[in-house]
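Chemist: Below are the chains, spelled out letter by letter.
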Amino acid sequence: MTLWILLWGWGTVVSLDLISVGQVMIARPLVAGTVAGVILGDPLAGGMVGMLLELFALDVLPVGAVQYPDYGIASVTAAIIAADAPPILGLGLGVAIGLVVAYLGQLAIARVRALNSAEVRRTAPQLDGGDWNVVSRIHRRALGRELVRAAVVAVMGVSVGALVAQHPLITVRGAILLSVVMIGAAIGTAATGAMRLGGRGLGLRWFVLGLLGGLVVVML
Amino acid sequence: MSDLTRTFFRLFLIQASFNYDRMIGIGMAHSMRPLVDEGDALVAGRSAQFFNAHPYMAGVAVGALARAERDDMSEAPVMALRNALVGALGSIGDRLIWAGALPVAAGVGLALAARLDPVVGAVTFLVLYNVVHLTLRWWGLRVGWTYGLQVATVLARGSIKTGLSLAGPLAGITLGVAIPMVANALTADLARAETMGAAVVAGTAIVVSRWVSPSLGGVRFGLVVAGLALIAGAVWA
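From first to last, the protein sequence lines stand for chains S and A.
Taking this note's numbering, the leading residue of the first sequence gets 1, the next gets one more, and so forth.
Taking this note's numbering, the leading residue of the second sequence gets 1, the next gets one more, and so forth.
Because the hints were derived from the structure by calculation, they are not lab data.
Ideal Cβ placement from N, Cα and C applies to all residues, glycine included.
Accuracy of the hints is not assured; some may be wrong.
Now the stretches of chain A that chain S is said to cover, found in silico as 3 or more residues with beta-carbon under 8 Å [claimed, not checked]: (1) 5-15; (2) 92-103; (3) 139-145; (4) 152-160; (5) 180-192.
Partial chain S-side listing against chain A, Cβ under 7 Å, derived [stated by the list, open to error]: (6) Asp59; (7) Leu143; (8) Gly184.
Using the sequences and the accompanying hints, generate a full structural model.
Modeler: Now the structure itself:
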């Protein structure tokens with residue numbers, strides 16, 4: 001029981017860190033997945049799903065009001081599924097289910113933002129009139145909504161993870177195939193993100209130079 | 001705890017009340033509150049208006065606007081500064097952090113996780129990233145509070161320009177090095193044919209995401225191929 005409470009707590013914390021509280025990047029999959037793996041007693045499995053989901057996460061720059069998937073809780077879910085499973089069997093299934101959770105988390109964030117907007121519109125006269133107490137109240141209530149959202153999304157992620165880990169409902173061949181395509185999709189997604197980051201000119205050349213360097217390191 | 005320190009800690013929650021009407025405007029006002037005259041309703045009204053910026057750079061605006069209000073500047077220059085900082089702080093922060101420090105730290109963390117140990121990679125990522133993050137947050141609040149309406153002169157300094165010009169190339173080269181290393185670690189347990197299959201999917205992802213449907217995004221592409229793999233796996237069995 002303590003294990004699941006720890007995972008739920010960690011899932012809630014990383015879901016909050018994603019945008020609202022701190023943004024110290026413990027929500028990044030590399031961190032969220034590895035720590036979930038440590039909690040589960042299988043840091044390698046957590047690290048593997050963390051690396052894979054981190055590649056997906058490199059596709060999205062959290063610029064402005066962009067909505068991004070909740071990769072933190074997704075990593076916790078994926079680590080639960082991958083922990084103690086043979087590496088190549090749990091990896092793809094964990095990450096695929098993690099992506100679904102990440103997307104649902106993204107929808108929950110949009111819902112909370114819409115609720116915040118409704119409250120701001122409702123209290124616009126007091127805000128424009130300069131009532132500090134209304135400012136603080138809106139901020140506190142929005143923080144409360146975020147806490148509830150993160151806790152609910154974490155419950156969902158941990159429950160789904162536990163359920164799929166116990167009843168994978170997938171053949172060995174299917175699990176291998178899923179791992180192969182998820183690894184390929186993640187690498188392709190990260191490469192596209194990096195190319196987008198570099199643009200067309202000099203930045204792209206730096207990326208290609210890095211790729212060559214990385215290939216040399218791999219071959220050594 | 002000084003008022004500036006209280007504001008610094010409040011900056012970590014600046015996006016908690018993010019909304020589509022005023023973006024981080026409410027969070028800005030909440031962060032500024034320890035630094036301004038709470039008896040002045042006009043200040044409160046102005047502070048909670050629309051504002052958006054990179055969350056780490058918002059401290060520059062919080063400090064500068066609070067200083068201007070504390071110095072009893074009239075509404076016109078305060079609102080002019082507020083409007084001018086929206087675009088500038090968003091652009092600088094996005095390029096410096098989201099397109100610079102974050103991919104660089106992630107690239108280093110991924111490379112170390114793939115080569116050494118995931119825990120080493122994760123810890124290195126967190127330390128590297130947060131040295132930049134926390135320094136920028138504190139520096140931003142301090143220069144804003146020190147320079148007030150003149151804060152634009154600081155943002156135009158050479159050190160910021162140097163950082164902006166280095167961010168993109170550093171991110172590109174770091175991710176370039178990290179991706180093959182991670183790919184190598186992830187495919188270590190795969191048979192040769194399976195590795196080739198992963199390479200084909202990776203190539204397809206690049207073509208689809210870059211040229212065929214750039215708006216698709218990594219998650220949706222991943223979900224589509226996962227669905228196809230599950231169907232293929234069921235048929236294959």
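Chemist: Could you run down the list of hints and mark each one as holding or not?
Modeler: A quick look at each hint next to the structure:
1. Counting residues of the stretch 5-15 of chain A whose CB lies closer than 8 Å to any CB of chain S gives 3, which reaches the minimum of 3, so the coverage claim holds.
2. For the stretch 92-103 of chain A, the proposed coverage by chain S is satisfied: 5 residues have a C-beta within less than 8 Å of a C-beta in that chain, meeting the threshold of three.
3. Against chain S, the stretch 139-145 of chain A contributes 0 residues with a C-beta closer than 8 Å to a partner C-beta. That does not satisfy the three-residue criterion, and the hint is violated.
4. Restraint check on the stretch 152-160 of chain A versus chain S: 0 residues with Cβ-Cβ distances below 8 Å, three needed, restraint violated.
5. Coverage of the stretch 180-192 of chain A by chain S holds in this model, with 10 residues showing a Cβ closer than 8 Å to a Cβ of that chain against a need of three.
6. For S:Asp59, the shortest C-beta to C-beta distance to chain A is roughly 4 Å, which falls under 7 Å, so the interface hint holds.
7. Among the interface hints, the one on S:Leu143 holds; its C-beta lies about 4 Å from the nearest C-beta in chain A, closer than the 7 Å criterion.
8. Taking 7 Å as the C-beta contact cut-off toward chain A, the hint placing S:Gly184 at the interface holds, the least distance being around 3 Å.
Taken one by one, the earlier hints fail for this structure at numbers 3, 4, listed in ascending order.
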